[in-house]
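Colleague: In case you want the letters, here they are:
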Amino acid sequence: MKQRLLSALTIVVLVCLTTTTSCQDQLNLEDASTPLAIGLDLNEDNQFEFYTSTPIFSKNIKKKSLEISGTARTLRQSRALQNAQSPGSAQGRNYQVLLVGKRILQHEDWITMLDIIFRDARNTVTDRVIAVEGSVSEIMLLNPPDQPMLPILLRGMINTSSGSSETVSTTAQELRRQYYEKGMTPSISQVKVKDNSVLVTGTTLLHKGGKFAASLGYQESILLNILQNNARSGVSLSYAIPGKPQTGPFHTDMISFTAQKLATKIKTSYKRSRFQFDIKLKIAAALTEILFPLTIQQDYKKLEPIIAEQVKLQTEAMLKKFQSHKIDPVGFGLNARAYQYQQYKKVQDHWTDAIADASFHVTVEFTINSIGPIK
Amino acid sequence: MILMERVAISGLLANGVQQQYVMNRHLFHRKPYAHQWEGWQRIMKLPHNHQSTEHEPDLEEHIPDIIQHLQQLFTDTPDLIIRKLSIVQTGEKAVLAYLDGLTDKNSINNDVLYPLQFEKGGGDPGSELFMTVGHIVPYTTWAKVIEAILNGDSVLFVDRRKEAYALDTKGWPQRAIEDPQLEPSLKGAHQGFLETGSQNIALIRRYIPNRELKIKQLAVGKRGPASVSILYLEDVTNTEFIQLLEDRIKAINVDVIINTGELVEFIEDNPYSLFPQLISTERPDAAASQILQGRCAVVVDRSPSVLIAPVNFMAFFQSIDDYSTRWSIATFLRMLRIAAFFIAAFLPALYIAVVSYHFEIIPMKLLITLGESRGRVPLPPFVEAVLMEITLEILREAGVRLPAPVGQTVGIVGGIVIGQAVVQAGLISNVMVVVVAFTGISSFILPNYDMVAAVRLLRFILMILASLFGFVGIIIGFMLMIEQIIALRSLGMPYGIPLAPMRFADLKDTLVRVPLWLMNKRPISTSALQSKRQGNSRFKGEEE
Amino acid sequence: MKVHPGHEITSLQYIFLLTGVQVGVAVLSLPRKLAETAGTDGWISILVWWLVSMLASLIIVQIMKNSPRGSLPDWAAEVLGVWAGKTIALLLTLYFCVLLYDGLTKSVLITKTWLLPNTPAYVITVLLLLPTYMIARHGPRIVGRYCELIVYLSLWIPLVYLLPLKQAHFIHLLPVVKDGWQPILTGAKEMIYPTLGMAATFVLYPYLKHKEKATAAVIASSSLTMLTYLFMTLICLVYYSPDEIAEYNNPVISVLKSIEFRFIERIEVPFIAFYLTIFSLVWIPTMYLATFCSSWLFARKDIRGQLQILCILIALATYFYTPTLYQNLMMEKILIGFGLSVEYIFPLILLSFIVLYNRLRRRNC
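Residue numbers (my numbering), protein chains in the order written: chain A, 1 to 375; chain B, 1 to 544; chain C, 1 to 365.
Among the clues, some could well be false.
Result set (SDA-like, lysine to any residue): computed pairs, CA atoms no more than 20 angstroms apart in a straight line [as the list claims (entries may be wrong)]:
#	chain 1	residue 1	chain 2	residue 2
1	A	K345	C	L174
2	B	K365	C	I264
3	A	K345	C	G180
4	A	K326	A	D109
5	C	K189	C	L313
6	A	K63	B	R376
7	B	K120	B	M131
8	A	K59	B	Q420
9	A	K345	C	G305
10	B	K84	B	D111
11	A	K265	A	D278
12	B	K365	A	S58
13	B	K365	A	I61
14	A	K64	B	T369
15	A	K345	C	V177
16	A	K102	A	G70
17	A	K280	A	R232
18	B	K365	C	I267
19	A	K345	A	D357
20	B	K120	B	W172
21	A	K59	A	P145
22	C	K166	A	R232
What the hints contain is simulated information worked out from the structure, not anything from laboratory work.
Please model the complete structure; the sequences and the hints are all you need to start from.
Modeller: Encoded structure:
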């Protein structure tokens, strides 16, 4: 009897204790304001500006999202401003995209501003980081009526574009890795506003500190992904074949193919006090578009090395671009560390200088697998 | 010290024992009536009630005294019939007493009254009487006589004899055998248990016509003793279970046991636990298959459900249909049921935890739809969920209490109310409706009603925990649930077996149901005396 | 305290219990600690220390073979006198209490960081103590069953950890033995903390159903522990850049943050909640072990009284004083020293004593 009384008493105490002190973390979905996009930029006076886009949970309001902006010293500090402007308590838990303005990219070490994303455990780190050509406000306040909400739109665009390797898909977590990794430099997706609509324009390459270095177009982005071994089969490349005639305004000298098998091998060596990377691309592809007359049975043997040469030329040009900007978005440093550790160790803190000095040998092996149902 | 009295047959035990008796006689060719006493003694225990304290013969010898005594005993009993007659066979005077309604009129008229009154050819007074009644027991005490009358026997008193004869003319109102209501089956038998213990035993015996099927009969209750029979296979079932069960049943000291459920309250291991620790079934085939696995079945007279003990947690997910369908679909259904158990118990709690604590895990597109529908609802998620779950419980309860045609109407009204109106009125979010519907459906596919009841309560506890601490609360609830499963015992056997303690061999019939020809041994979880139950039964395939 | 029949634990339960106490909370930070000292070769340190810890657990079993029917304090009381028994019981009580408190506060801190940042620590502690008390009060058998069941229930976790491999860079592991063996061997000392818990054998050995399998069981349990550590460490090493991994306090949890499903955006949130059951494999057994030893100390038959006292003490302690992250790290350092002496040095001394003692006795006979 005493035992039962005691246990009943314990339960009562526990219940009182828990009910009076709990619920402090409770925040119902409808009471929260959950921005899906966050944008960072600098204004003319080089003051830190933030933008957020929050969905409005109401069927009766025509505009589906609420845009908030302001100047603050840090992101965490901006939370107060966000709270002041939104109907619910602002939470960073559901970001889908993180937009970075062009003016920010002209300064180093802006990535440290993102600390709250990693330090507050409830924040998401899978938001895609996107560089904006132009100012963030332009894109945030665009709100075209015939398109879905901006975060959904951007996230969808990045997902499809990076799916076909036309840009990179860098999450905040991945950006952090690329930033801290000594053997490579960061690269993020790039969008811009053109004629009141948003489009993905390729990849932005950053210097080691996060400063803007260069941009890559679609095709170069694909090559970057191929070099990183990230490209899935199905990526499509187009080249103009030299010596083929052009008729009128049409590029009838073009040929396009879809890669079905892709293999990239990078061999690392250290010769004559510089790193040497032998890059071997193996592409087996299906021709998907041929705009010039071609008798394939006879010509494909000739065509293969020609296309391979084109791929090689473009890759080499891209690598030159990397070297001239002193960047290494591919991550050759990882290879150097793995295979030439002693040499790498000496230069790891200024790897980008070493990459500018390195020599590359690209060889491309191209085979045609199929030509489609017509000759 | 009432217990160890000499054995006699009371009417209430008669039917069940009769069969055993008949079978014994058949098998052993033991003829003389009196020798049968020892046989019965082994099987039966006396009802321990106050009436049996008197064991001196105290029957009067003269008819008028007897009638007077009877009338004294049964005052205000208009259904007691006292029929005076004179026996043609021996020329003696006699009185037949029985309760109208508990006895079979045809049997009394044709098998007792007719031969006694009209068939000649008997011997001297005091010699054997000819009646076409199978089971006749002589009694010498009033206590026994009263018991016999109350249990539906008719008692024949003959002038100047020291004994009265209890004639088995039972015949009380009884329904026909029907499909089991709570546990319908698709391919299994369509016979359910009835309210008569002896019939129920017979139904089980139809499946196990084996001499090793033993029955221990006990009587429970002082005012209206109910015969409680423990059925088991003597060479299979672990004797510990029978001993425990017997001890626990003997310890019951109550007025009357109306139903099996009342018996359970007295004999289950941990009455404070939410989980049922004994299965009560209304299917004879299920009971028989459990007995064959090495468990005991407890038949309570006057109750249409039979207890199975010991059971484990996973047994509540098994259904007799599993064995009559092909093993692949049976396996699928097992897993479905286990999943349904977790959905029914955890889903509303998960909803609360996600919406009011961890909405970062919701995918973006769902977040927007969920936010829109939640945005219109004035109630916090916990209140919303509790409200809807209680509505569901009310509807379910209403459906049970109402006659079937009205019950359907309630279902339709409830469905519309839940599904449409509340959402349109902006009282409840539509995702909540989906959640409630899911939990409702999931709890319907669990085969055992008691387990469903446990899940219903569990759900509310988990919802409270989730509303206080989110996922952490749910996990704490989960851990407490595991504690219950691993620490509970059913008749001394671990409740969590074969999962904890793990018995890999038993998983064959737990999470999956492997083909029957691979289950050559009885489950370890019953610790049967004889573990092998079958040899290789599958024919050898032709060489290809 | 003699073993009651019906309290024996099976070999599997024993294996999982030992592994559970070791792995529990320690695995979370292990990849970081190894990477800090041994870099990407940290996984080799695990293999190195595997041999050491196996040796230590074998020594413990060897000691306990002298006392098949009683725990270590029982044996000490019998052979060396009551006070020796009491000293050892006190030592073990303290040790298990520290282990318990460390595990519990770590769980509370992690819960607070990831799931309930604003809920007071003592509420979470009380919440966690609830199932702890309920399970520990039933004695070793139920504790063993609990460990076994939880291990089976968490078998899906390794599968989840295979998902981040999509973004893995196996090239991080090359070259093997980057900077020579020196950092690897220094890294091995980080393995002391994650192997603490073998001392449970001192109490549990008499409860073993098959004592002849104890040696095989400890080998299996330390192998299982090391396999878990190896798996988790390798996953973290190939996922995080070697220059970055040291930045994460609990890389084993952080690694999950990048997993995206279509139906669930953030897998780590329900995961950490579920991980509480694995953390509980530390405090539930140690709770039992600590109260077992303290009951022995006070010559109590039933552990429940001690259990209630200990639970209330812990709850009160966290109410008045919640350890911070830094203090928890300090405690970890103390625990490493304490554990090294209790689980590695003390058994070695004891075993040599026993060998000497037996030899002397034989000579005297």
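Colleague: Against each hint, give a clear statement of whether it holds in the structure.
Modeller: Hints, verified against the model:
1. K345(A) - L174(C): Measuring from Cα to Cα gives roughly 13 angstroms; hence the hint holds.
2. K365(B) - I264(C): It holds: about 11 angstroms lies between the C-alpha atoms, which stays within 20 angstroms.
3. K345(A) - G180(C): holds (14 angstroms)
4. K326(A) - D109(A): holds (17 angstroms)
5. K189(C) - L313(C): violated (32 angstroms)
6. K63(A) - R376(B): holds (17 angstroms)
7. K120(B) - M131(B): OK: K120(B) and M131(B) at ~12 angstroms, within 20 angstroms.
8. K59(A) - Q420(B): Within the cut-off at roughly 18 angstroms; holds.
9. K345(A) - G305(C): At roughly 60 angstroms apart (the allowed maximum being 20 angstroms), G305(C) and K345(A) break the hint.
10. K84(B) - D111(B): Holds, because 16 angstroms separates the two Cα atoms, which is no more than 20 angstroms.
11. K265(A) - D278(A): Given that 20 angstroms is the threshold and the Cα spacing comes to 8 angstroms, the pair holds.
12. K365(B) - S58(A): It holds: about 15 angstroms lies between the C-alpha atoms, which stays within 20 angstroms.
13. K365(B) - I61(A): Holds, at roughly 18 angstroms.
14. K64(A) - T369(B): At roughly 12 angstroms apart (the allowed maximum being 20 angstroms), T369(B) and K64(A) satisfy the hint.
15. K345(A) - V177(C): Roughly 14 angstroms between the alpha carbons, so the hint for K345(A) and V177(C) holds.
16. K102(A) - G70(A): holds (17 angstroms)
17. K280(A) - R232(A): Answer holds: K280(A) to R232(A) is near 17 angstroms, not above 20 angstroms.
18. K365(B) - I267(C): Distance ~17 angstroms between K365(B) and I267(C) Cα, so the pair holds.
19. K345(A) - D357(A): Judged against 20 angstroms, a Cα distance of about 16 angstroms means the pair holds.
20. K120(B) - W172(B): violated (31 angstroms)
21. K59(A) - P145(A): Given that 20 angstroms is the threshold and the Cα spacing comes to 16 angstroms, the pair holds.
22. K166(C) - R232(A): The given pair, whose Cα atoms are some 12 angstroms apart, holds under the 20 angstroms limit.
Hint compliance for this structure: hints 5, 9, 20 are broken, all remaining hints hold.
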